[in-house]
Amino acid sequence: MKQTEVTMVRVYLHEARAHMEELLEYLHDDSKVRGVTVFRGITGFGSSGEIHSSKLIDMSLDLPLVVEFFDAPERVEEIIRELNTKIKLRHVVYWPAKINL
Amino acid sequence: MKQTEVTMVRVYLHEARAHMEELLEYLHDDSKVRGVTVFRGITGFGSSGEIHSSKLIDMSLDLPLVVEFFDAPERVEEIIRELNTKIKLRHVVYWPAKINL
Amino acid sequence: MKQTEVTMVRVYLHEARAHMEELLEYLHDDSKVRGVTVFRGITGFGSSGEIHSSKLIDMSLDLPLVVEFFDAPERVEEIIRELNTKIKLRHVVYWPAKINL
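Chains as they are written, first to last, in the numbering used here: chain A, 88 to 188; chain B, 88 to 188; chain C, 88 to 188.
Keep in mind that the hints were calculated from the coordinates and are not lab data.
Be aware that one or more of the hints could be misleading.
Heads up, the list lumps identical chains together, so a pair's fine if it works in one copy or across two of them.
[Said to hold, decoys possible] SDA-like, lysine to any residue: derived pairs with alpha carbons at most 25 Å apart:
{"no.": "1", "residue 1": "K89", "residue 2": "D116"}
{"no.": "2", "residue 1": "K89", "residue 2": "R127"}
{"no.": "3", "residue 1": "K185", "residue 2": "Y113"}
{"no.": "4", "residue 1": "K119", "residue 2": "E161"}
{"no.": "5", "residue 1": "K89", "residue 2": "I129"}
{"no.": "6", "residue 1": "K119", "residue 2": "K173"}
{"no.": "7", "residue 1": "K89", "residue 2": "P160"}
{"no.": "8", "residue 1": "K89", "residue 2": "L150"}
{"no.": "9", "residue 1": "K119", "residue 2": "P160"}
{"no.": "10", "residue 1": "K173", "residue 2": "L188"}
{"no.": "11", "residue 1": "K185", "residue 2": "E161"}
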């Protein structure tokens, strides 16, 4: 069992914005990244100012999506750089992890 | 593209307990943390003793929730300390990550 | 508040394959791991070659599942070694994190 370094990435989006299809097509067709999974949150909010109501129920009109993927650190670096140019994603969080191959 | 250190946090809750609204209100109104997302799991179980039946289907009556957020390390430390005092959360997992600003 | 080192693990599966019940039973009954949560993704794709169509809608026929858990690093190492022998999971990603006890 050999350990391999990867970078885990979570990209935070919102259903109301049209970025997801574009992002998935890029990851699938162009970057050919492995291990992409999309999760839908049940509620959420972004940086201050985005939610003006204190009623939590109002957040559900624009459900958060997370696109998660991992790949070799140097590939992920390149993908993130590319994504920032193409899609202008604001919330891309990443950290080092390992997989066994 | 400038890298910024953040701490990722995942707080594990259960629908049957009333902590989620309280936690979200704290994160939204008081701590003004950025990037909060809530996910509902389809099944799960806690530390040993919580599930007495071996039937996996029984777990679905109390679905797990994960409240995920990230912010600057020093802010997250303060938030976690505050959460432990206010809400007595038992499962708060956190790790260092990066975002590009 | 005492910090404890844990290893976070995310195991990527597909609904179409029968591994999830086996994995959960192992984690619950044999390894008695704490903090297991299962999430269902809304779409996703694996390593190159698994999805032959470029139509994103086709991916939804086999929804991705993620089984997430954490425990002490030495226990997780043992569990991952065991899982690789028993279930032959291909995508097990893990990284160091902390909890407060």
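Here is what the structure says about each hint:
no.	hint	result
1	K89 <-> D116	neither (28 Å within a copy, 27 Å between copies)
2	K89 <-> R127	neither (32 Å within a copy, 28 Å between copies)
3	K185 <-> Y113	both (24 Å within a copy, 22 Å between copies)
4	K119 <-> E161	within (14 Å within a copy, 33 Å between copies)
5	K89 <-> I129	neither (37 Å within a copy, 31 Å between copies)
6	K119 <-> K173	within (16 Å within a copy, 29 Å between copies)
7	K89 <-> P160	both (17 Å within a copy, 17 Å between copies)
8	K89 <-> L150	neither (39 Å within a copy, 28 Å between copies)
9	K119 <-> P160	within (14 Å within a copy, 31 Å between copies)
10	K173 <-> L188	between (32 Å within a copy, 15 Å between copies)
11	K185 <-> E161	both (14 Å within a copy, 15 Å between copies)
When the structure is compared with the earlier hints, violations turn up for hints 1, 2, 5 and 8 and for no others.
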